[in-house]
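**Q** Sequence:
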Amino acid sequence: MPTSTVATETTCFHCGLPVPPGAIYSALIDGQSQPMCCHGCKAVAEAIVAAGLTDFYRHRTAPSRRAEDLIPEQLRGLALYDRADVQQSFVRADGEQIREAALMLEGIVCAACVWLNEQHVGHLPGVLEFRVNYSTHRAQVRWDQRQIKLSDILAAVAAIGYIAHPFDPNRQEALQKRERSIALRRLAVAGLGSMQVMMFAVGLYVGDYQGMEDWIREMFRWVSLILTAPVVAYSAQPFFSAAWRICGGGKQGWMCR
1 MPTSTVATET
11 TCFHCGLPVP
21 PGAIYSALID
31 GQSQPMCCHG
41 CKAVAEAIVA
51 AGLTDFYRHR
61 TAPSRRAEDL
71 IPEQLRGLAL
81 YDRADVQQSF
91 VRADGEQIRE
101 AALMLEGIVC
111 AACVWLNEQH
121 VGHLPGVLEF
131 RVNYSTHRAQ
141 VRWDQRQIKL
151 SDILAAVAAI
161 GYIAHPFDPN
171 RQEALQKRER
181 SIALRRLAVA
191 GLGSMQVMMF
201 AVGLYVGDYQ
211 GMEDWIREMF
221 RWVSLILTAP
231 VVAYSAQPFF
241 SAAWRICGGG
251 KQGWMCR
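Just so we're aligned: 207 in this note's numbering is position 207 of the sequence shown, and the numbers increase by one with no gaps anywhere.
Keep in mind the hints are simulated off the structure, nothing from the lab.
Think of the CB as a built atom: it goes at the ideal place given N, C-alpha and C, for glycine as much as any other residue.
Check before you lean on any hint, since a few could be wrong.
As the list claims (entries may be wrong) - Distance windows between CB atoms, simulated: (1) P21 - W215: 43 to 53 Å; (2) L192 - A84: 53 to 63 Å; (3) H39 - P238: 25 to 35 Å; (4) P230 - G126: 50 to 60 Å; (5) W215 - Q176: 47 to 57 Å.
Said to hold, decoys possible - Calculated cross-link-like contacts (lysine to any residue; reagent style SDA-like; alpha-carbon spacing at most 25 Å): (6) K177 - P238; (7) K149 - F167; (8) K177 - L192; (9) K177 - L124.
Build out the structure end to end from the sequences listed, making use of the hints.
**A** Pasting the structure below:
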């Protein structure tokens with residue numbers, strides 16, 4: 001009989017997506033060559049390594065945002081934020097040359113993302129302060145416009161795979177509403193599934209005292225397993241994803257000890 005060989009799928013170390021067959025992209029991270037799915041992830045990873053921020057990969061809890069998610073039109077449009085008439089709506093002047101602005105960051109999924117952005121942007125020449133609020137994904141930045149432009153700051157954020165734009169309360173509300181909606185769906189599935197499983201569990205407890213046929217007992221157990229599956233696979237998915245990323249996809253088990 002013919003035998004079949006199951007190929008092991010290689011995933012990108014940076015974004016977690018499958019590496020296309022024949023791709024030869026890689027980046028040297030902590031002395032080891034790690035596979036990359038595209039030149040975008042390779043460039044972002046090399047920028048992180050060059051800045052001495054490889055701790056990001058050891059502490060992150062979710063895959064990074066790919067640089068290719070930023071379309072060229074967005075990158076070219078960053079220069080618009082250097083215009084005085086555009087800055088009037090969100091930039092505050094602190095003296096003649098010092099400027100302060102509130103930004104909104106997209107792609108923040110864990111505390112490691114906050115640390116990476118603060119370390120990367122905060123060390124740019126001319127940036128006086130850069131703080132990120134993890135709960136709101138809002139960043140506060142102060143800079144000396146004689147040394148650096150706002151577009152350069154936004155481009156630096158984009159270089160490590162995130163999206164930064166002027167803070168917009170309406171847009172933030174829409175993002176938070178979407179996140180709450182997903183969380184409520186997960187909670188509903190978990191609540192309904194858990195209640196149904198508990199009903200069968202009570203039946204099994206009573207059956208131990210009053211007697212229950214074996215086939216009914218087995219049926220209750222199988223039904224409970226089926227009801228538990230969506231709770232574990234869907235409702236608990238963020239927990240397991242975060243745990244897997246903390247352990248480095250199984251490659252850095254020392255972090256889980």
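**Q** Does each hint fit the structure? Answer for all of them.
**A** Consistency of the hints with the structure:
1. Hint check: P21 to W215, Cβ distance near 49 Å, so the stated range 43 to 53 Å holds.
2. L192 and A84 have their C-beta atoms about 55 Å apart, which keeps the hinted 53 to 63 Å range intact.
3. Taking the beta carbon of each, H39 and P238 are about 30 Å apart, inside 25 to 35 Å as hinted.
4. Look at P230 against G126: about 51 Å separates their beta carbons, and that is inside 50 to 60 Å.
5. The hinted window of 47 to 57 Å between W215 and Q176 holds, with their beta carbons roughly 49 Å apart.
6. Restraint check for K177 and P238: the C-alpha separation of about 18 Å stays at or below 25 Å, so the hint holds.
7. For the proposed pair K149 and F167, the alpha carbon gap of about 17 Å is at most 25 Å, so the pair holds.
8. With a C-alpha separation of about 22 Å, the suggested pair K177 and L192 falls inside the 25 Å cut-off, and the hint holds.
9. Restraint check for K177 and L124: not satisfied, since their Cα atoms lie roughly 34 Å apart, outside the 25 Å limit.
Comparing the model with each earlier hint shows a violation of hint 9 alone; every other hint is respected.
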